[in-house]
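Asker: From just these sequences and the hints, can you work out the full model?
These are the residues of each chain, in order.
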Amino acid sequence: MTGFINALPGAISQGLIWGIMAIGVYITYKILDIADLTVDGSFCTGGAVFVMLFGAGYNIWAALVIALLAGMLAGFATGLLHTVCGIPAILAGILTQLGLWSVNLAIMGMKANVAINVTDPNNLNRLLVSLRFVQGVAKGSYPVWRHPIVTVGLMTAGIIAVLYWFFGTELGAALRATGANQNMARAQSINTDISKVLGLMISNGLVALSGALLSQYQSFADASMGKGAIVIGLAAVIIGEVLFSRLFHNFALKLLAVSIGAILYYIVIQAVVSLSNINTNYLKLISAFIVMIFLAIPYWKSRYFSKPVQRGGKVNA
Amino acid sequence: MLDVKNIFKTFNAGTVNEKTALNGVSLHMDEGDFVTVIGGNGAGKSTLLNAVAGVWPIDEGTIIIGGTDVTHLSEHKRARYIGRVFQDPMMGTAATMQIEENLALALRRGKAHTLRKGITKAEREQYKELLKILDLGLEDRLTSKVGLLSGGQRQALTLLMATLQKPRLLLLDEHTAALDPKTAAKVLDATERIVNRDHLTTLMITHNMKDAIAHGNRLIMMYEGRIVIDVSGEEKKNLTVPQLLELFGRASGSDEADDTLLLS
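Respectively, the protein sequence lines represent chains X and E. Just so you know, numbering that gives the first Met the number 0 puts the end of the first sequence at 316, numbered straight through with nothing missing. Just so you know, numbering that gives the first Met the number 0 puts the end of the second sequence at 263, numbered straight through with nothing missing.
Careful, some of the hints might be misleading.
Using 25 Å as the maximum straight-line C-alpha spacing, the simulated BS3-like pairs for lysine-lysine come out as follows [claimed, not checked]:
no. : chain 1 : residue 1 : chain 2 : residue 2
1   : E       : Lys116    : X       : Lys253
2   : E       : Lys76     : E       : Lys165
3   : E       : Lys144    : X       : Lys253
4   : X       : Lys226    : X       : Lys283
5   : E       : Lys209    : E       : Lys235
6   : E       : Lys76     : E       : Lys131
7   : X       : Lys29     : X       : Lys226
8   : E       : Lys116    : X       : Lys29
9   : X       : Lys110    : X       : Lys300
10  : E       : Lys235    : X       : Lys29
11  : E       : Lys127    : E       : Lys209
12  : E       : Lys209    : E       : Lys144
13  : E       : Lys110    : E       : Lys120
14  : E       : Lys127    : E       : Lys144
15  : X       : Lys300    : E       : Lys76
I should point out that these hints are in silico values taken from the structure, not numbers from a laboratory. Since we're looking at a predicted model, the values are computed, not measured.
Answerer: Structure below.
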């Protein structure tokens, strides 16, 4: 039990990082109504680009922004496959994801993983987030604001604020209309193709940013680090929705719910790992199971637990 | 205002399901014309409207709206000239967005979508006033999701959206067909008022022959992808349903008209 509690700050930190990716998934899955599988590839693209640029001595913010742009480029590719080539969105995403596997390896100089040397304190101190800061803050060797919960938390707040503003603009509203009803959008002179490409770009930009943050946190990028990312993203979106849909109606709060969903997901995973001696190779199976449960809950609720109108009606209804 | 010149459209060409939906349709509408369109199922009424709206490219012919050749313009680009209300009440509005958000999108039809605010305070007052005209109590529900509205309310809202910015051409595709008679009458009444107020050039499909005679200044009937009857002015005003059926029987060279028209 104490092992679990000690691991909580790390689990929350990771959850926050993945939460940024989940917000990206929310944009395609919930707003645009597209299940975008590019995510599994673009997550690693972000990490790979970041690690290489950081290693080459780039400023950390510049490296993060370029990672984000690389993710947007991946989203752009999926968008073109979908709109210009007429490939169904889900297949377009799979194609990009497949292609990105090679691209990601190429970015990392044809190596399956590249590490950031965090034993060098100069390198470590340039980083924004790191697992070592979690331990460092606990030991008192780093100030509290260095804790990933604080830094990533602030970033998440900033991202939510920007998205809240964006989806309130004319362009953002056009994007939402495209997801809600394409016929209506076109009748209102909205170019639905541009909306979809733009949405995919914003989404994958955030996903890549999240990948860049995770590679910092764990101090390496790995070609398979995005494997199953879409499932974690969907899990966060759905957990957030199942738990908070009645409380949160404001758009910013809905995005916050997604981030909290990702945190809860990591806490559950951490609990499973700490409280049992399970082989961590089973984690993917557990992930799939958790997502299954949360996908099924709304269906079960409506099917088996809804209160049907009583036959004949009550006398004093 | 609208010039449709000899347009053709065949669906599923070269297959067993080949269907010539438009077979050389020409139609000229003057500014302010209110044309009602009738015809049986598969006569090509909706296809004509969709061709004008640009839902898909036509095979042959030219479509000119207010002097602009739109034949090769995509649907969303033509939308700046055209207001549309669909048969399906679900089609014209975004259910997951608020009433005022839907209206705000309509107000920006034909304009670039920028990073300015999607909706302003001044607009909201305007929307309240306009919704009052509909007399459906929507003026107090600006921030309600459109998905919560009834079919009739959604059609009325779509009508308002289609005319919020004066369109060069208003296309109504059986927009009251999915509504109960009372609501249908209300929406049709609002249509008549808005069209008269703004002198809109309107093309309205209806399956109801009485409505087709009662509204507008001109009536056309389609049959097998062609316009077979075109009456206007005094002649149209004095038209009765039996006369219309007889006209159709002569134009199509058959008397199956009665069933296909009345039942459809």
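Asker: For each hint, tell me whether it holds in the structure or not.
Answerer: Now for the hints, and whether the structure bears them out:
{"no.": "1", "hint": "E:Lys116 - X:Lys253", "in the structure": "holds, 20 Å"}
{"no.": "2", "hint": "E:Lys76 - E:Lys165", "in the structure": "holds, 16 Å"}
{"no.": "3", "hint": "E:Lys144 - X:Lys253", "in the structure": "holds, 16 Å"}
{"no.": "4", "hint": "X:Lys226 - X:Lys283", "in the structure": "holds, 10 Å"}
{"no.": "5", "hint": "E:Lys209 - E:Lys235", "in the structure": "holds, 12 Å"}
{"no.": "6", "hint": "E:Lys76 - E:Lys131", "in the structure": "violated, 30 Å"}
{"no.": "7", "hint": "X:Lys29 - X:Lys226", "in the structure": "holds, 21 Å"}
{"no.": "8", "hint": "E:Lys116 - X:Lys29", "in the structure": "holds, 22 Å"}
{"no.": "9", "hint": "X:Lys110 - X:Lys300", "in the structure": "violated, 47 Å"}
{"no.": "10", "hint": "E:Lys235 - X:Lys29", "in the structure": "violated, 51 Å"}
{"no.": "11", "hint": "E:Lys127 - E:Lys209", "in the structure": "violated, 33 Å"}
{"no.": "12", "hint": "E:Lys209 - E:Lys144", "in the structure": "violated, 35 Å"}
{"no.": "13", "hint": "E:Lys110 - E:Lys120", "in the structure": "holds, 19 Å"}
{"no.": "14", "hint": "E:Lys127 - E:Lys144", "in the structure": "holds, 16 Å"}
{"no.": "15", "hint": "X:Lys300 - E:Lys76", "in the structure": "violated, 44 Å"}
In this structure, the earlier hints numbered 6, 9, 10, 11, 12, 15 are contradicted, and the remaining ones agree with it.
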